[in-house]
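Undergrad: If you want the building blocks of each chain, they are given just below.
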Amino acid sequence: MITVENLHFSYGREPVLCGVDFAVQKGEILTILGPNGCGKSTLLRLLRGVLTPGAGRALWDGKDATHVGRKEMARLAAVVPQSSQAPFPYPVSEMVAMGRYARHAGFLGESAEDRKAVEKALALTDTLHLVKRGVTDLSGGELQRVMLARALAQETPLLLLDEATSHLDLDHRLEITELLVSLNREQGTTVVQVSHDLDLAAEISHRILLLAADGTQAALGSPSEVLTATNLRKVFRVEVKVECNPYTGAPRAYPVRSCHRWKQSPPRIHLLCGGGSGGELLRRLNLAGGEITVGPLNLGDSDQVLASVLELETALEKAFCPFSEEALQAARTFCQQAELLVVAPTVWGPGNLASLDLAREALSRGVPVLLVDPRSERDYTDGKAWEMLQSLHASGGQIVPDAEGVLDLLKAKN
Amino acid sequence: MKLRQSLSWLPILGTALIIALFLSLWAGALPLSPAELFAILCGDRSSPTHAAIVLKIRLPRALLAGLVGAALGASGGAFQAVLRNPLADPYILGVSGGAALGAVAVLTLGYSSPLLLPVAAFIGAGGALFLVYWVAQAHQGSSHTLILSGVMVGSLASALLLFLLWMSPADPVRSAVFWLAGNLNMVNPDWLPWASIWIGCAFVGLWRQSRALDLFTQGEEVAADLGLNVGSSRLLLFATAGALTAAAVAMAGLVGFVGLTVPHVVRLLWGASHRHLLPASALLGAAFLMLADALSRTLLAPAEIPVGVVTALIGAPFFLYLLRKRENG
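Going line by line, the protein sequences match chains A and B.
Letter by letter, the first sequence follows residues 1 to 414 of this note's numbering.
Letter by letter, the second sequence follows residues 1 to 329 of this note's numbering.
Hints may be right or wrong, so weigh each one.
[As the list claims (entries may be wrong)] Negatives, chain A to chain B, calculated, CB over 10 angstroms: (1) TYR90; (2) VAL242; (3) GLY275; (4) ARG283.
[Said to hold, decoys possible] Here are the simulated lysine to aspartate or glutamate pairs, EDC-like style, with alpha carbons at most 20 angstroms apart: (5) A/LYS71 with B/GLU220; (6) A/LYS71 with B/GLU221; (7) B/LYS325 with A/ASP137.
[Said to hold, decoys possible] Selected chain B positions facing chain A (in silico; Cβ < 10 angstroms): (8) SER46; (9) THR49; (10) ALA52; (11) ILE53; (12) ALA81; (13) ARG84; (14) ASN85; (15) ALA212; (16) GLN218; (17) GLY219; (18) GLU221; (19) SER273.
No lab work stands behind these hints: they were computed from the structure.
Heads up, the beta-carbon is just placed ideally off N, CA and C, and yes, glycines get one too.
All chains, please: the whole structure from these sequences, using the hints.
TA: Below is the structure:
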């Protein structure tokens, strides 16, 4: 349908797109993804011949986009812009009827065909009830649906959407997305959309074109081929974990952390926790990008499960057993490499009491120890654990109220 | 479902126009009863003097006011759409300055023939519009550039105008100032048929581009995406709306607020669709200027206030009211 050959474009000296090469196939939903300012909207403009490329070309069935007349283009492709303002008070029906401009030359009434197309577009976008309202009185979501209706009234084989749903509420975003999918399935409408929403793009696209920040083409293919951790790290510079949406099977990217937040290299931290006491600390420290080790932890402990999901090195003990010497030794090795030891607000019992020794050893080596919200009521060892915590505090262990406090201290140091 | 916008403006504004015409024929130094006026209009020639005053003096004047008002109303609506600014007026693109400069140049050079003045004003207005368009064209004629270059060309013309007025003897200056304030007294009634043909053709030309005007209100990129050839369409719209404005200025000087307020009111009442807005603005503009002219002749009779002063006195407070309402709403 459209063939894009080695497209280059720059605004003045600022290069925007460099060597983009792809084809839009009839009947597909193609989503263009990429970071802000990578030239996604520019690419759409080049596609429809509004801008002239610096090099390369976009061909519509063999004809250069810049040589296709405006009227002819409006019969081939309809555009839904990102967001619209309506300073002039048109009734919704007139607004949608503007989509018929390229279809007939008359200047007064509409033909029966026009009326039918407008009515159908209004019905499809669930805007029939708005027909007599003025566009200046509509909410943003309603106006955006009216814009989509106008594009549908053009009755084109191709729809170009420039982040057309990004300002909408979740319900309307889904509604419009579903409408696009059904238009695509039932009428064979080809859809090319620019989007920010990785998840929605993964759900509905047949193919995804991923652009890098420098305007080069990073990847092109099916959602599962394109939305990989490697590609997303390269393009968005974030660590993501790609899993499957259990309900739809589409790939879904979970941001794990952004790649660079620390001025210096992040400190290596060991965390003593268990029974869920370390959950927030683990997540926050991991997102902040520190290198974290944990343990000892019993297999199946909720902190252990989380640590394994986050792929953190953990000193392990069998389920429901008191910490053995092997497990403590493994943890001790981690502690010796750590630059900071954090003691989570854990419930202390005879099974895990021994791990507090690791903290004392660390302090004696001069490694700083943070005690997160220590309290006597979490002590189930007849005062032994509480005594130990107090002595840790006395010999230099610093008390912080919560995970936030730990991060504040880290940020202050880095 | 009703896709065609209601034509309710037609009977309302048609009636308003007829009432305005009647009032305009009735008002004046010679007192006439409505019955007498009606009789004269129906062909009663029992008092030839009265008939002559109504038909030879008041009627051409009322028609002139109507023509100028219609031209300003329609061109104002068109400029507001092309510039995507509901607060623009037909003079915004330097037309006023250019027309005034042309007229005053002729006056100060000592040619005060009634024939030359409108021609000079027309040339001045057209020249200014062309200059503005030519400058803005370098930037694809975006509406910001157009408005900016319009303001600049207008300032340049005003500066030259002040210079000419400063140089010239007192008599032409007075005449020029009177003309600049908007005046329906200067033009030869024999010109009416030609002016109506000119304005009628330009109006039909503009009206035929109603759908293009609708698209322009959506912004130029959207207009292009909907199939409009923005560059050539804008040039055509400028030419036709400019022809209307220049003709109005040539016949009546600078009558303010008609082109600004009238389309705005029509839009508030009947919506923005230009195939309705343009004829409705022409009708309302005609009725408004006829009434204003009737007032200008009667308020301080036998003295006559320039009609531009009356339209500004009515139009400016009304517009301020609209603005205030807009800010609150």
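Undergrad: Now tell me, hint by hint, if it's right for this structure.
TA: Here is what the structure says about each hint:
no.: 1; hint: TYR90; result: violated, 5 angstroms
no.: 2; hint: VAL242; result: holds, 35 angstroms
no.: 3; hint: GLY275; result: holds, 59 angstroms
no.: 4; hint: ARG283; result: holds, 44 angstroms
no.: 5; hint: A/LYS71 with B/GLU220; result: holds, 14 angstroms
no.: 6; hint: A/LYS71 with B/GLU221; result: holds, 13 angstroms
no.: 7; hint: B/LYS325 with A/ASP137; result: holds, 15 angstroms
no.: 8; hint: SER46; result: violated, 46 angstroms
no.: 9; hint: THR49; result: violated, 46 angstroms
no.: 10; hint: ALA52; result: violated, 42 angstroms
no.: 11; hint: ILE53; result: violated, 41 angstroms
no.: 12; hint: ALA81; result: holds, 7 angstroms
no.: 13; hint: ARG84; result: holds, 7 angstroms
no.: 14; hint: ASN85; result: holds, 8 angstroms
no.: 15; hint: ALA212; result: holds, 8 angstroms
no.: 16; hint: GLN218; result: holds, 7 angstroms
no.: 17; hint: GLY219; result: holds, 8 angstroms
no.: 18; hint: GLU221; result: holds, 7 angstroms
no.: 19; hint: SER273; result: holds, 5 angstroms
Comparing the model with each numbered hint stated earlier shows that hints 1, 8, 9, 10 and 11 do not hold.
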